[in-house]
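Chains as they are written, first to last, in the working numbering: chain A, 4 to 131; chain B, 4 to 131; chain C, 4 to 131.
Worth double-checking, as some hints may not be accurate.
Some, not all, of what chain B presents toward chain C, calculated at C-beta under 8 angstroms [what the hints assert, rightly or not]:
#1 PHE78
#2 VAL84
#3 ALA118
Note that these hints are calculated values from the structure, not bench results. Note that the Cβ used here is the ideal one computed from N, Cα and C, for glycine as well.
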Amino acid sequence: MTDIVRKDSNQRLSRIVIHGDTVYVAGVTSSAAGGIVGQTRDALAKIDGYLAQAGTDKSRLLSVQIWLKDIDRDFAGMNAVWAEWALPQAMPTRATCEARLAAPELLVEIIVTAARRPGAVSGPVSES
Amino acid sequence: MTDIVRKDSNQRLSRIVIHGDTVYVAGVTSSAAGGIVGQTRDALAKIDGYLAQAGTDKSRLLSVQIWLKDIDRDFAGMNAVWAEWALPQAMPTRATCEARLAAPELLVEIIVTAARRPGAVSGPVSES
Amino acid sequence: MTDIVRKDSNQRLSRIVIHGDTVYVAGVTSSAAGGIVGQTRDALAKIDGYLAQAGTDKSRLLSVQIWLKDIDRDFAGMNAVWAEWALPQAMPTRATCEARLAAPELLVEIIVTAARRPGAVSGPVSES
Numbered sequence: 004m005t006d007i008v009r010k011d012s013n014q015r016l017s018r019i020v021i022h023g024d025t026v027y028v029a030g031v032t033s034s035a036a037g038g039i040v041g042q043t044r045d046a047l048a049k050i051d052g053y054l055a056q057a058g059t060d061k062s063r064l065l066s067v068q069i070w071l072k073d074i075d076r077d078f079a080g081m082n083a084v085w086a087e088w089a090l091p092q093a094m095p096t097r098a099t100c101e102a103r104l105a106a107p108e109l110l111v112e113i114i115v116t117a118a119r120r121p122g123a124v125s126g127p128v129s130e131s
Numbered sequence: 004m005t006d007i008v009r010k011d012s013n014q015r016l017s018r019i020v021i022h023g024d025t026v027y028v029a030g031v032t033s034s035a036a037g038g039i040v041g042q043t044r045d046a047l048a049k050i051d052g053y054l055a056q057a058g059t060d061k062s063r064l065l066s067v068q069i070w071l072k073d074i075d076r077d078f079a080g081m082n083a084v085w086a087e088w089a090l091p092q093a094m095p096t097r098a099t100c101e102a103r104l105a106a107p108e109l110l111v112e113i114i115v116t117a118a119r120r121p122g123a124v125s126g127p128v129s130e131s
Numbered sequence: 004m005t006d007i008v009r010k011d012s013n014q015r016l017s018r019i020v021i022h023g024d025t026v027y028v029a030g031v032t033s034s035a036a037g038g039i040v041g042q043t044r045d046a047l048a049k050i051d052g053y054l055a056q057a058g059t060d061k062s063r064l065l066s067v068q069i070w071l072k073d074i075d076r077d078f079a080g081m082n083a084v085w086a087e088w089a090l091p092q093a094m095p096t097r098a099t100c101e102a103r104l105a106a107p108e109l110l111v112e113i114i115v116t117a118a119r120r121p122g123a124v125s126g127p128v129s130e131s
């Protein structure tokens, strides 16, 4: 029994960590084609999947960091996809900067903190 | 009714998100004149305002990230303003790095996590 | 009496801030010899110490950010040390990017969020 739930773990990280009412999602990147639009869309789709695994969704985003390989070139493209995806009534706090990422083909990395659903058990949680 | 309160939201982000006892503030920048000193002072003044909107203040800072456009040139200037502003008895954890920001004139971006006041209602909170 | 505990504070930051069940650790760097391997090992050893001061340990890591001065050169070296140190059954979420740090000799900075031990008092905590 533990009060911390880790999902989708590998030798380096867990994609999802749940503690109390807070859901942490690891930095999400994409190797999808289509430049910043394709990669942002794919990264956000992966985030939808991770949030679902954690029993929550994008209506419960708390805070987001976005790292772009080339902020001058890609800020507008990332924002266009973000605006399609994020819910107007549920915008998280956000901060965006330029940063070189772990592989040269990666244009964007997104780090999310979200809230569990209010009805969720507040005590220890078993791994499903 | 919701357990997440979002304030000062626009099409891209909320400036403030409150969840449980934690207050998230979006990355704060400034276009004030006066170089790193002017921008840091203005950004921290904005943060005072956001914390007040969230019913808390700088005595309850938890964790801060500071991104500087030019860390070699501006680390000392940012730190001087920070030292004037932050409370010696209430220093948050902090990490500072260099990062290019969303517009070329921006020299500093500050991301804050703070705690709500202990007396605050711990259950659902209505948007004021 | 306060519900926020700050440890190892200086004029700029606290190395450790504890709020509720969450432990924030300031960005940890190292000036140790030995390049990325030496610095990462030393930074992680310091983190072990900070977690111990907060009454927790690396089995309760939640989320980590790693900033590398030169990600192309040092990503593999950092990961090798990370793999030795982190517990396979307790991997946090993680995100790594390249960023220039506060002094030219610094190759890595690590920011950690962890959970307090489940048995810990959940109310106000006195500074030890």
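Hints, one by one, checked against the model:
1. PHE78: holds (6 angstroms)
2. VAL84: Not OK, violated: VAL84(B) not within 8 angstroms of chain C, min 12 angstroms.
3. ALA118: Given a least distance of 5 angstroms, the restraint on ALA118(B) holds.
In terms of the numbered hints stated before, the structure departs from hint 2 and from no other.
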